[in-house]
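Visitor: Chain by chain, the residues:
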Amino acid sequence: MIEWLKKFLGTPPSSSTAKERLRLVLMTDHLALAPEIIENMKRDLVDVISRYVEVDREKLEIEFEREDRALALMASIPIISVNRPSGGDGEKPAVKERVEDAQTAAVPGSAAPSVNATPGEPPKRRRRKKTSSKPATAH
Amino acid sequence: MSGRRIVITSGKGGVGKTTTTANLGAALAKRGARVILVDADIGLRNLDLVLGLEKRIVFDVVEVAEGRCQLRQALIKDKRFESLSILPAAQTRDKDAINEEQFAAIVAQAAEQADFVLIDCPAGIEAGFRNAIAGAKEAIVVTTPEVSAIRDADRVVGKLNEKQLPIRLIVNRLRPAMVKAGDMLSVDDVCEILAVELLGIVPDDEEIIDTTNRGEPIVLDETAKLRVIYDKIARRMEGELVPFTNFDAQGLFGRLFGALKAG
Ligand SMILES: Nc1ncnc2c1ncn2[C@@H]1O[C@H](COP(=O)(O)OP(=O)(O)O)[C@@H](O)[C@H]1O
Ligand SMILES: [Mg+2]
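Which chain is which? The protein sequence lines are A and B, in order. Heads up, the first sequence is in the working numbering, so the first residue is 514 and it goes up one at a time. Heads up, the second sequence is in the working numbering, so the first residue is 142 and it goes up one at a time.
Rather than coming from a laboratory, the hints here were simulated on the basis of the structure. Think of the CB as a built atom: it goes at the ideal place given N, C-alpha and C, for glycine as much as any other residue. There is no bait here: all hints are sound.
Pairwise CB distance ranges, derived in the manner of DEER restraints:
#, chain 1, residue 1, chain 2, residue 2, range
1, A, Leu584, B, Asp329, 21 to 29 Å
2, B, Met142, A, Asp581, 53 to 61 Å
3, B, Arg376, A, Asp560, 51 to 59 Å
4, B, Asn302, A, Thr530, 23 to 31 Å
5, B, Gly154, A, Glu574, 37 to 45 Å
Build out the structure end to end from the sequences listed, making use of the hints.
Guide: So, in structure tokens, the structure goes:
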């Protein structure tokens, strides 16, 4: 009868809420307990991105944000220079073009990267406006 | 050959470690195994009480560690069984009265004369926990199907993985009617979240409180429903493949009754 009433009212059963919450909190716990994972991920991320643009390794920042139903990875990687498109053969572009302003690649983020005033300056973080929960930063 | 050394742990307190240690120990002993139960909860001695042996304590584990007595002098034999004894915790000492090496040595010595040494771990993941796992070669993690207990269990699983102890899980205090109504995490959910192999499912039952009140192991109560549950877990520990009780498959009456109870 209770089941029927719940179905009727359309409230999700508390057990699925519990499972979802646990899934998220355990992911956050595991990341917080394994700083080496984050260090390795930073290194690999920069390695991959460096195949396309020159980035500032030192100024890379990574954090995790709790969203409603997911944990989001926010990476902020200052770009020092961008490879000039070499026409089709995208794997190993030869020409590099120095950009005046360091740019920020934000993952995930919207299309246009924000532009900083001076090259190599810490990128301005583009935050989501609505962050209900405290960002889960892993140290 | 030395016996198996298994720590029973959970992270969170009050989820049923001591109850599980006592009743599994009794179930194994009833099946003929030689069993020694070690109470590692220094300062909060309970295992003796749950088994009704509190009046017979002379020495405790700390006194064995300090060399004030022999292990065999401190072991209390449970006269209801052929082969069950307990090594009590110290009640009036601090957790740091004994260290990991001492604990491991005592557990190893106990394993010389038993098929199973079950170690009842204190709550938490600090010194008491480290002592309790120091001498163990396997672990049983006990949890209830609740968010806080599962989160703590996950933390403990991480610690046990670091020590490379094989882990199996007991889901305690399950309320099948609540699971069915969607108000409690199911055993499958818990196993999936913790990613640990299942050893047993113990329903929430007043029988436990009743038998604990009297200091009687469940397996000695011929009328207790849970007797079968603990016996099955004991058989799984011995390596037998025993199918899990399907708590969903109750009859119509059971379902109705369960739904009423859950409400
Ligand atoms: N399956 C169960 N059904 C009902 N009550 C239980 C069950 N398991 C444990 N309990 C009760 O829960 C309480 C805590 O159990 P205990 O074994 O002392 O936990 P822990 O050793 O983990 O602190 C006790 O009162 C015990 O009787
Ligand atoms: Mg206890």
